[in-house]
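A.B. asks: So you can see what is in the structure, the chains are spelled out below.
Number of protein chains: 6
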Amino acid sequence: MGAVVGIVANPVRADEPMSPRSPIEYRDAAPEVRAVFDDIKRTRQVDDVNNFWKYLAHDPRTLKRTWESVKEIMTAGALDALTKEMIYLAVSVTNGCAYCIASHNAAARKAGMTEAMFGELMAVVGMANETNRLANGYRVPVDPAFEA
Amino acid sequence: MGAVVGIVANPVRADEPMSPRSPIEYRDAAPEVRAVFDDIKRTRQVDDVNNFWKYLAHDPRTLKRTWESVKEIMTAGALDALTKEMIYLAVSVTNGCAYCIASHNAAARKAGMTEAMFGELMAVVGMANETNRLANGYRVPVDPAFEA
Amino acid sequence: MGAVVGIVANPVRADEPMSPRSPIEYRDAAPEVRAVFDDIKRTRQVDDVNNFWKYLAHDPRTLKRTWESVKEIMTAGALDALTKEMIYLAVSVTNGCAYCIASHNAAARKAGMTEAMFGELMAVVGMANETNRLANGYRVPVDPAFEA
Amino acid sequence: MGAVVGIVANPVRADEPMSPRSPIEYRDAAPEVRAVFDDIKRTRQVDDVNNFWKYLAHDPRTLKRTWESVKEIMTAGALDALTKEMIYLAVSVTNGCAYCIASHNAAARKAGMTEAMFGELMAVVGMANETNRLANGYRVPVDPAFEA
Amino acid sequence: MGAVVGIVANPVRADEPMSPRSPIEYRDAAPEVRAVFDDIKRTRQVDDVNNFWKYLAHDPRTLKRTWESVKEIMTAGALDALTKEMIYLAVSVTNGCAYCIASHNAAARKAGMTEAMFGELMAVVGMANETNRLANGYRVPVDPAFEA
Amino acid sequence: MGAVVGIVANPVRADEPMSPRSPIEYRDAAPEVRAVFDDIKRTRQVDDVNNFWKYLAHDPRTLKRTWESVKEIMTAGALDALTKEMIYLAVSVTNGCAYCIASHNAAARKAGMTEAMFGELMAVVGMANETNRLANGYRVPVDPAFEA
Numbered sequence: 492m493g494a495v496v497g498i499v500a501n502p503v504r505a506d507e508p509m510s511p512r513s514p515i516e517y518r519d520a521a522p523e524v525r526a527v528f529d530d531i532k533r534t535r536q537v538d539d540v541n542n543f544w545k546y547l548a549h550d551p552r553t554l555k556r557t558w559e560s561v562k563e564i565m566t567a568g569a570l571d572a573l574t575k576e577m578i579y580l581a582v583s584v585t586n587g588c589a590y591c592i593a594s595h596n597a598a599a600r601k602a603g604m605t606e607a608m609f610g611e612l613m614a615v616v617g618m619a620n621e622t623n624r625l626a627n628g629y630r631v632p633v634d635p636a637f638e639a
Numbered sequence: 492m493g494a495v496v497g498i499v500a501n502p503v504r505a506d507e508p509m510s511p512r513s514p515i516e517y518r519d520a521a522p523e524v525r526a527v528f529d530d531i532k533r534t535r536q537v538d539d540v541n542n543f544w545k546y547l548a549h550d551p552r553t554l555k556r557t558w559e560s561v562k563e564i565m566t567a568g569a570l571d572a573l574t575k576e577m578i579y580l581a582v583s584v585t586n587g588c589a590y591c592i593a594s595h596n597a598a599a600r601k602a603g604m605t606e607a608m609f610g611e612l613m614a615v616v617g618m619a620n621e622t623n624r625l626a627n628g629y630r631v632p633v634d635p636a637f638e639a
Numbered sequence: 492m493g494a495v496v497g498i499v500a501n502p503v504r505a506d507e508p509m510s511p512r513s514p515i516e517y518r519d520a521a522p523e524v525r526a527v528f529d530d531i532k533r534t535r536q537v538d539d540v541n542n543f544w545k546y547l548a549h550d551p552r553t554l555k556r557t558w559e560s561v562k563e564i565m566t567a568g569a570l571d572a573l574t575k576e577m578i579y580l581a582v583s584v585t586n587g588c589a590y591c592i593a594s595h596n597a598a599a600r601k602a603g604m605t606e607a608m609f610g611e612l613m614a615v616v617g618m619a620n621e622t623n624r625l626a627n628g629y630r631v632p633v634d635p636a637f638e639a
Numbered sequence: 492m493g494a495v496v497g498i499v500a501n502p503v504r505a506d507e508p509m510s511p512r513s514p515i516e517y518r519d520a521a522p523e524v525r526a527v528f529d530d531i532k533r534t535r536q537v538d539d540v541n542n543f544w545k546y547l548a549h550d551p552r553t554l555k556r557t558w559e560s561v562k563e564i565m566t567a568g569a570l571d572a573l574t575k576e577m578i579y580l581a582v583s584v585t586n587g588c589a590y591c592i593a594s595h596n597a598a599a600r601k602a603g604m605t606e607a608m609f610g611e612l613m614a615v616v617g618m619a620n621e622t623n624r625l626a627n628g629y630r631v632p633v634d635p636a637f638e639a
Numbered sequence: 492m493g494a495v496v497g498i499v500a501n502p503v504r505a506d507e508p509m510s511p512r513s514p515i516e517y518r519d520a521a522p523e524v525r526a527v528f529d530d531i532k533r534t535r536q537v538d539d540v541n542n543f544w545k546y547l548a549h550d551p552r553t554l555k556r557t558w559e560s561v562k563e564i565m566t567a568g569a570l571d572a573l574t575k576e577m578i579y580l581a582v583s584v585t586n587g588c589a590y591c592i593a594s595h596n597a598a599a600r601k602a603g604m605t606e607a608m609f610g611e612l613m614a615v616v617g618m619a620n621e622t623n624r625l626a627n628g629y630r631v632p633v634d635p636a637f638e639a
Numbered sequence: 492m493g494a495v496v497g498i499v500a501n502p503v504r505a506d507e508p509m510s511p512r513s514p515i516e517y518r519d520a521a522p523e524v525r526a527v528f529d530d531i532k533r534t535r536q537v538d539d540v541n542n543f544w545k546y547l548a549h550d551p552r553t554l555k556r557t558w559e560s561v562k563e564i565m566t567a568g569a570l571d572a573l574t575k576e577m578i579y580l581a582v583s584v585t586n587g588c589a590y591c592i593a594s595h596n597a598a599a600r601k602a603g604m605t606e607a608m609f610g611e612l613m614a615v616v617g618m619a620n621e622t623n624r625l626a627n628g629y630r631v632p633v634d635p636a637f638e639a
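Protein chains in written order, with the numbering used here: chain P, 492 to 639; chain E, 492 to 639; chain F, 492 to 639; chain S, 492 to 639; chain X, 492 to 639; chain Z, 492 to 639.
Just so you know, these hints were derived from the structure itself, not from any lab.
Careful: at least some of the hints might be erroneous.
A pair counts as met if it fits within one copy or between any two copies, since identical chains are not told apart.
Below 30 angstroms or equal to it, Euclidean Cα-Cα: the simulated DSS-like pairs (lysine-lysine) are [as the list claims (entries may be wrong)]:
| id | residue 1 | residue 2 |
| --- | --- | --- |
| 1 | Lys601 | Lys532 |
| 2 | Lys562 | Lys532 |
| 3 | Lys555 | Lys532 |
| 4 | Lys601 | Lys555 |
Whenever a hint applies, use it, and build me the whole structure from the sequences.
C.D. replies: Written out as structure tokens, the structure is:
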């Protein structure tokens, strides 16, 4: 880990800007990043990739592995693509991930989620989060019928 | 709040048992609890209710409100009952609620979830939990296309 | 689930706006939504409802059920209304729900929470979140005295 | 960080036991640990400390800092000790920390929490966890009245 | 989604056992599962794989993808393997995942984590979970110096 | 708890501003707050403290206790300061605390985290959050080797 430093080391002035990461656009991307961007655009038939991929591009290995996993997982199989997008949204809402809620809300709509389906999805997510805590708080033991 | 006490007040000996709650069985239940138990058994066509309801029975108002909400929410509507159970399971897995994972795994299977569907459900839940953190950590701003 | 589509289906251009939901104002609301809005305004003696209710209005059933549950739960009973608002805030802070922190901070202040009470509330919430992880990490088994 | 090793280094046989930590009892404790245990027993008027402290004793500095923080925070101030215990329990239930739920359930009861108060506490915790997700999912913006 | 059923459909008797999944042992595993198990055993130089992999074996695709990702990610690179295991443990402790805490505690020790390092790791994890909530609750805006 | 009020009590008009807290600057701070600010500036060799401390200044006891804990915990010991900052960041990313992600990203960079190290940190955090849920969902029991 090389020259590791203590809490008082490497001081920077409070007014010294620490630029956060910025998105990497196609025109500025390295070849291995462009290859992933191209595959995303081809697979999803879009003209540009979302910010998520432009930020992951800072780490081409994570970009590649994540896209390949997403592509494998989100393709229709035993579950259709819409159901998968709604499950994705349910998790993102539970975790409170603002970006993921916005992007998977859009993805679920694109896959066919109607306003009525969204309303029921949210009702289930809310109820599950409530009963999860009721089960925790009352310390409910798992029924033997679920364990045998 | 009546006789409220400080941190050193009301001492109990470390070896004095503090019995946790126990399930309330039908035979010991008050009439308003029995009414809810009866409705659960009738609706679900089961001989007995799960531990969750037997523990909530300590608070008949919460028991009644929770059951009525669950019954309203989990009935097939714009989403079928199986999809709802899988969303419930996805939330419970994300929160790590052991009881809820066990009971809704069983409920989802009863509603038709095959092993292949469970496998894909878990793959989506895992991936969503991963990308939620990648989006957080890279501080990805929401794309204008999701906001306009 | 009708015409369910795959990951490559239903393409939209990346620059095609996906309008997020907007609040439903009283003047645009359906009768069953207005009935709930009226009850909120009457119960809370306010001139307008918060954004939370205007968004839930997209799903009138969830709006109605949620308001009726909140009204039942948040009314003073064995716990006074201020204590309930502080517990609500403690949960919202733990979950990191920005909207809920803002609204229940306001609600708790309205119910009588002073700055000193808020300070102690936050200290407890912070400490609980810390010791929850110490207990997890050290894998502390539950004392027999809490189980007997 | 000394002799840091790769993923294949330091192999142990799968059947080689990796003993988890065990509680440190008073009789085996170092003087600085005994000093903290003595203060806990005196402050809480108990004959022995809970498992939580016996496990933290593996790191005397964390033991001391945590106990001193808990003692400072949990003493009655602008909030009474019972309210503080219930807030602690609300957080622990939300996080699903089994040890903390068990121990703070006991602590809250000792401080005066009745079964009716527990029931209302759980109802609020459940509702807050539900509405936190509804606010997330509907992407409700904070009302100007909460920000001005 | 085939024969999707409603909440009252497919009733099972409450006393009908719903066997949970069981681990898939090497001797019973399909060839593609054995291939992954062999690679885990070779890479980690162990005689048998952990339960985690034996359960994932119910879904060979997830087993394969997860192992390949773990192998790629957990190998020493810009961060050494010990640091990676401690970060893994920090996340698992924060999420309260009992299995992951147990297994990555063991993995981190195997990679060289001493009791003193574990103690400091836990202190940081506890403190971060505390200050995360203080920042949430006080609604602290991000300093311009972190954004410019 | 003094004059505790019900849900309909203490009405304020919806358009009545409820000012959120604002940062307390050095020039406006009480002596005990200034003493902490001075120690932070001296220890970290910065000209001003971050917003986090300016908001905690609303509760001088929490400000003092939190700073003293952070100073004790984050100083290099068995773990170097950089490793500690990365663990802090891993927890903050898992919890989705926007302020903490921004500030500890900056702190970790200041302590020597390169872009490559950040990339691997994020990969581990993402993977841990994924496998935590796979372990939960498959209900994987802890291996005897981790318990003996």
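A.B. asks: Evaluate each hint against the coordinates.
C.D. replies: Outcome of the hint check:
Proximity of Lys601 to Lys532 under the C-alpha cut-off of 30 angstroms is restricted to the intra-copy arrangement: shortest distance 15 angstroms within a copy versus 37 angstroms between copies. In this assembly of identical chains, the alpha carbons of Lys562 and Lys532 lie at most 30 angstroms apart whether taken from the same copy (12 angstroms) or from different copies (28 angstroms). In this assembly of identical chains, Lys555 and Lys532 lie within 30 angstroms of each other by CA distance both inside one copy and across copies; the values are 14 angstroms within and 26 angstroms between. For the identical chains of this complex, Lys601 and Lys555 are neighbours both inside a copy (24 angstroms) and across copies (28 angstroms), given an alpha-carbon limit of 30 angstroms.
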